[in-house]
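K.L.:
I would like the entire structure built from these sequences, with the hints used as guidance.
At position 19 of the sequence shown (counting the first as 1) the number is 19 in this note's numbering, and the numbers step up by one without a gap.
These aren't lab readings, by the way, just hints derived from the structure by calculation.
Backbone N, C-alpha and C fix where the C-beta goes; we use that ideal spot for every residue, glycine too.
The reader is advised that the hints may include incorrect statements.
Once the Cα atoms are required to be at most 25 Å apart in a straight line, the calculated SDA-like pairs of lysine to any residue come out as [as the list claims (entries may be wrong)]: (1) Lys-29 x His-46; (2) Lys-29 x Asp-48; (3) Lys-29 x Ile-17; (4) Lys-29 x Arg-43; (5) Lys-29 x Gly-75; (6) Lys-29 x Pro-14; (7) Lys-29 x Leu-77; (8) Lys-29 x Pro-40; (9) Lys-29 x Ala-45; (10) Lys-29 x Leu-79; (11) Lys-29 x Ser-16; (12) Lys-29 x Pro-47; (13) Lys-29 x Asp-73; (14) Lys-29 x Leu-41; (15) Lys-29 x Gly-42; (16) Lys-29 x Glu-49; (17) Lys-29 x Ile-44; (18) Lys-29 x Thr-19.
Pair by pair, the computed Cβ-Cβ distance ranges are [what the hints assert, rightly or not]: (19) Cys-69 x Asp-33: 20 to 30 Å; (20) Ile-7 x Pro-40: 26 to 36 Å; (21) Leu-77 x Met-21: 16 to 26 Å; (22) Val-12 x Arg-43: 10 to 20 Å; (23) His-36 x Gly-13: 15 to 25 Å; (24) Leu-2 x Met-34: 37 to 47 Å; (25) Pro-4 x Ser-37: 43 to 53 Å; (26) Ala-51 x Gly-24: 14 to 24 Å; (27) His-36 x Leu-2: 32 to 42 Å.
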Amino acid sequence: QLAPYGIRVNGVGPGSIQTEMLAGVAENKQALDMIHSRTPLGRIAHPDEVAGVVAFLASSDASYITGECIYVDGGRLALNYTMT
1 QLAPYGIRVN GVGPGSIQTE MLAGVAENKQ ALDMIHSRTP LGRIAHPDEV AGVVAFLASS
61 DASYITGECI YVDGGRLALN YTMT
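P.N.:
This is the structure we're talking about:
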């Protein structure tokens, strides 16, 4: 609905990111191992990695992208696992 006005709407789906919210995970080896085992890249991302995607989507390089969500999750969504 907004595209005719030149307004693009996109989203970013972050996975596990090194933030204060996950600070406790770094101290819990079992929790950290679980995140790593469920992330194909095997690590937690740095906030700059998400910021780079946001900057790209806001730039003219993404001028023909709209209605998309880019997942910055180390491939975790691609595993299509279910939580138990």
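K.L.:
For every hint, state whether the structure bears it out.
P.N.:
Here's how the hints hold up against the structure:
The straight-line distance between the Cα atoms of Lys-29 and His-46 is roughly 18 Å, inside the 25 Å bound, and the hint therefore holds. For a cut-off of 25 Å, the pair hint linking Lys-29 to Asp-48 stands: about 24 Å separates their Cα positions. Proposed proximity of Lys-29 and Ile-17 is supported: the alpha carbons are some 16 Å apart, at most 25 Å. A distance of roughly 13 Å separates the Cα atoms of Lys-29 and Arg-43; the hinted pair therefore holds under the 25 Å criterion.
For the hint linking Lys-29 to Gly-75, the alpha-carbon distance of about 21 Å falls within 25 Å, and the restraint holds. A threshold of 25 Å between alpha carbons decides the hint, and for Lys-29 with Pro-14 the separation of about 22 Å falls inside it, so the pair holds. In summary, the hint linking Lys-29 to Leu-77 is supported, as the alpha carbons are separated by about 22 Å, within the 25 Å threshold. The straight-line distance between the Cα atoms of Lys-29 and Pro-40 is roughly 18 Å, inside the 25 Å bound, and the hint therefore holds.
Under the criterion of a C-alpha separation no larger than 25 Å, the hint pairing Lys-29 with Ala-45 is consistent with the structure, at around 17 Å. Taken as a hint, the Lys-29 and Leu-79 pair is honoured in the structure, with Cα atoms around 22 Å apart against an allowance of 25 Å. For the suggested pair Lys-29 and Ser-16, the alpha carbons sit about 15 Å apart, so the restraint of at most 25 Å is met. This hinted pair checks out: Lys-29 and Pro-47 have alpha carbons roughly 21 Å apart, not beyond 25 Å.
For the proposed pair Lys-29 and Asp-73, the alpha carbon gap of about 20 Å is at most 25 Å, so the pair holds. Using a Cα cut-off of 25 Å, the hinted pair Lys-29 and Leu-41 holds, with the two alpha carbons roughly 17 Å apart. The hinted pair formed by Lys-29 and Gly-42 meets the criterion: a straight-line CA distance of about 14 Å does not exceed 25 Å. Pair hint Lys-29 plus Glu-49 holds up; C-alpha atoms about 23 Å apart against a cutoff of 25 Å.
Taking the CA atoms of Lys-29 and Ile-44, the gap is near 13 Å; set against the 25 Å cutoff, the hint holds. For the suggested pair Lys-29 and Thr-19, the alpha carbons sit about 17 Å apart, so the restraint of at most 25 Å is met. For the pair Cys-69 and Asp-33, the beta carbons lie near 28 Å from each other, so the given range of 20 to 30 Å is met. Separation of Ile-7 from Pro-40 is about 34 Å and conforms to the stated range, judged on CB atoms against 26 to 36 Å.
Look at Leu-77 against Met-21: about 19 Å separates their beta carbons, and that is inside 16 to 26 Å. Between Val-12 and Arg-43 the beta carbon distance is about 18 Å. The supplied range of 10 to 20 Å therefore holds. In this structure the supplied range 15 to 25 Å holds for His-36 paired with Gly-13, their Cβ-Cβ distance being about 19 Å. About 40 Å separates the C-beta atoms of Leu-2 and Met-34, a value consistent with the hinted range of 37 to 47 Å.
Under the hint 43 to 53 Å, the C-beta atoms of Pro-4 and Ser-37, about 46 Å apart, fit the expected range. Between Ala-51 and Gly-24 the beta carbon distance is about 23 Å. The supplied range of 14 to 24 Å therefore holds. At about 39 Å, the CB distance of His-36 to Leu-2 agrees with the hint of 32 to 42 Å.
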